[in-house]
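Trainee: Given the sequences, and given the hints that come with them, work out the whole structure.
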Amino acid sequence: MTNLVLQTVGISKSFGAIKASRDITLDLRPGEIHALIGPNGAGKSTLIAQIAGGLAPDKGKVLLDGEDVTGLSTAARARRGLGRTFQISALAMEDTVLQNAALGALGARGGPFGMFRPALSDPTLRDVAESALERVGLADHAATRTAELSHGQRRQLEVAVALTLSPKAFVMDEPMAGLGGEGSKAMTGFLDGLRSEAPILLVEHDMDAVFALADRISVLVYGEVIATGSVDEVRANAKVREAYLGEEV
Amino acid sequence: MNREGMLNAAVLLGLISVPLWAWAADEPFIITLTTKAAVLALAGVGLNIALGLGGLVSLGHAAFFGIGGYAMGILASHAQTFDPIMEAPFLIEGTKSMPVIWLVAVIASGLAALAIGALSLRTSGVYFIMITLAFGQMLYFFAISWPAYGGEDGLSIYVRNGFPGLNTLDPIQFYGIVFAILLAVLFLTARLARSPFGLALNAARQSAVRVETVGLSPYRLRLMAFVISGMITGLAGALFADLNRFVSPTMFSWQTSGEIMIFVILGGVARLFGPVVGAVLFILLEHLLGGLSDFWHIYLGLLLLLIVLFARGGVIGLLAGRGVAHD
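Sequence order for the protein chains is F and R. Going by numbering that gives the first Met the number 0, the first residue of the first sequence is number 0, and it counts up by one from there. Going by numbering that gives the first Met the number 0, the first residue of the second sequence is number 0, and it counts up by one from there.
Hints are computed from structural coordinates only; laboratory data are not their basis. Ideal placement from N, C-alpha and C gives every residue a C-beta, glycine not left out. Hints should not be assumed to be uniformly reliable.
What the hints assert, rightly or not - Covered stretches of chain F, as calculated for chain R (at least 3 residues, CB under 8 angstroms): (1) 68-74; (2) 97-105; (3) 116-122.
Said to hold, decoys possible - Derived CB-CB ranges, DEER-like: (4) F:K58 - R:L113: 34 to 40 angstroms; (5) R:R219 - F:E66: 41 to 47 angstroms; (6) F:F14 - R:L113: 35 to 41 angstroms; (7) R:A179 - F:G177: 31 to 37 angstroms; (8) R:L19 - F:T143: 55 to 61 angstroms; (9) F:T143 - R:A179: 36 to 42 angstroms.
Mentor: What follows is the structure, given as structure tokens:
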């Protein structure tokens with residue numbers, strides 16, 4: 000058995016009468032991109048929140064690198080190697096792009112904080128931050144205020160911050176949203192190369208990207224995984240066609 | 000130098016030249032007034048670390064101001080009566096030495112901030128405001144009902160405490176001490192804001208979830224900021240007590256907390272010199288308008304209203320424009 004980087008075991012979560020997650024078991028293998036797709040309201044964000052922390056499942060476990068992290072905080076999971084990006088950007092908007100990336104580098108380095116020397120003249124932070132920005136193509140915007148970035152650029156910055164963490168696994172919530180045709184293509188190429196560094200659990204609506212990138216796809220409908228398999232298997236799956244993809248495939 | 004930098008330099012120049020002029024012109028009252036402004040500015044600089052950098056709206060900073068004040072009052076009152084604070088299990092005597100008093104004030108207010116912060120920071124928003132206010136009021140009523148140190152009447156210290164090599168009773172020399180401390184704390188605060196700690200704290204204010212996602216704890220960052228903030232305001236409290244040679248429960252009152260917050264808002268939240276400008280303005284208004292009417296607070300209220308409505312960056316924001324992100 001290959002060692003699984005990330006795994007959910009029978010995760011269930013209800014909000015009142017709504018079952019947002021029903022006994023979800025899925026995993027992320029080394030070197031793969033595992034796409035999670037599903038119609039709006041299928042429970043993708045709820046699932047991501049349970050994997051990354053912030054929302055505790057009613058039942059089931061989340062394993063990171065074989066270790067049970069279900070009871071750990073978001074910060075503790077990040078320290079153990081989970082690199083998450085958000086669908087709606089969660090960035091320090093008043094800060095510069097470089098400062099946001101440096102924050103990631105600071106988190107990755109952990110303590111000691113230092114209260115005297117400027118953060119950005121610390122080469123151990125600055126180099127990590129700058130190389131991450133370079134990789135996502137934001138190097139020219141390092142000094143820009145984050146609030147002035149386009150939605151697509153913010154998404155790129157989200158990815159850059161996750162890169163600074165050198166995580167064991169990425170969990171990305173719609174990194175293509177707002178990127179436009181060109182940007183989307185560039186990001187697809189980038190993620191394609193990234194999987195060899197750390198596997199990616201990818202929530203994405205852009206089906207071209209999903210089909211181009213995914214090694215495996217899981218389809219989430221009404222809080223339930225109705226199919227997991229390769230692109231072709233999922234495309235051919237009758238249940239998936241009926242429930243979700245329709246004519247799109 | 001940008002406009003904010005020039006403005007800060009002008010404020011510093013004013014804080015140097017006005018007392019020097021007053022000294023030359025033999026106007027000790029002006030020096031005392033400037034000293035008061037500098038001490039209050041220091042209290043505001045403390046609050047600004049929590050409020051401006053950390054986004055923590057503490058309406059209980061009078062707690063630390065008061066603790067600093069009482070640290071001075073208790074130590075000096077025992078020294079002036081030659082009555083030790085405690086004899087068993089070991090002897091602790093009072094002191095009239097400023098450096099020792101400052102150290103005690105900073106440590107005591109830091110510990111208090113640790114305890115108050117650890118509890119208060121589990122809440123946020125209006126609950127945080129209320130719980131910090133409640134802690135401040137608890138200490139206020141404690142001070143009122145503590146007869147050993149004057150209770151409601153407060154505590155008078157007859158002679159100002161000493162600093163090696165200086166005559167602290169000379170207003171200009173005492174001002175020099177206060178100004179040097181203010182300058183040092185401003186310098187450290189400026190460094191802190193740009194440090195890794197400042198970066199993380201500032202980010203936690205803007206997006207707590209972002210900070211968690213990179214593996215840092217917003218709670219711990221805020222608690223550290225709250226402690227540093229309380230220590231500085233505590234030091235200001237000790238100096239304020241020394242300036243007046245008097246300590247009273249008023250230092251703990253919620254009005255004091257409110258005034259410290261007014262300095263920050265008036266001058267500019269999160270601006271390095273915001274509390275300095277705010278405190279100077281406050282003292283000026285108190286002195287000028289206070290001479291016209293006992294109800295000068297009405298004008299202060301109007302000014303504050305205008306600032307909050309039309310100049311969110313305070314006076315500094317108004318004059319120097321929007322703050323630029325640090326390089």
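Trainee: Determine for every hint whether it applies to the structure shown.
Mentor: Each hint, compared with the structure:
{"no.": "1", "hint": "68-74", "in the structure": "holds (count 3)"}
{"no.": "2", "hint": "97-105", "in the structure": "holds (count 6)"}
{"no.": "3", "hint": "116-122", "in the structure": "holds (count 5)"}
{"no.": "4", "hint": "F:K58 - R:L113: 34 to 40 angstroms", "in the structure": "38 angstroms, holds"}
{"no.": "5", "hint": "R:R219 - F:E66: 41 to 47 angstroms", "in the structure": "23 angstroms, violated"}
{"no.": "6", "hint": "F:F14 - R:L113: 35 to 41 angstroms", "in the structure": "37 angstroms, holds"}
{"no.": "7", "hint": "R:A179 - F:G177: 31 to 37 angstroms", "in the structure": "52 angstroms, violated"}
{"no.": "8", "hint": "R:L19 - F:T143: 55 to 61 angstroms", "in the structure": "44 angstroms, violated"}
{"no.": "9", "hint": "F:T143 - R:A179: 36 to 42 angstroms", "in the structure": "39 angstroms, holds"}
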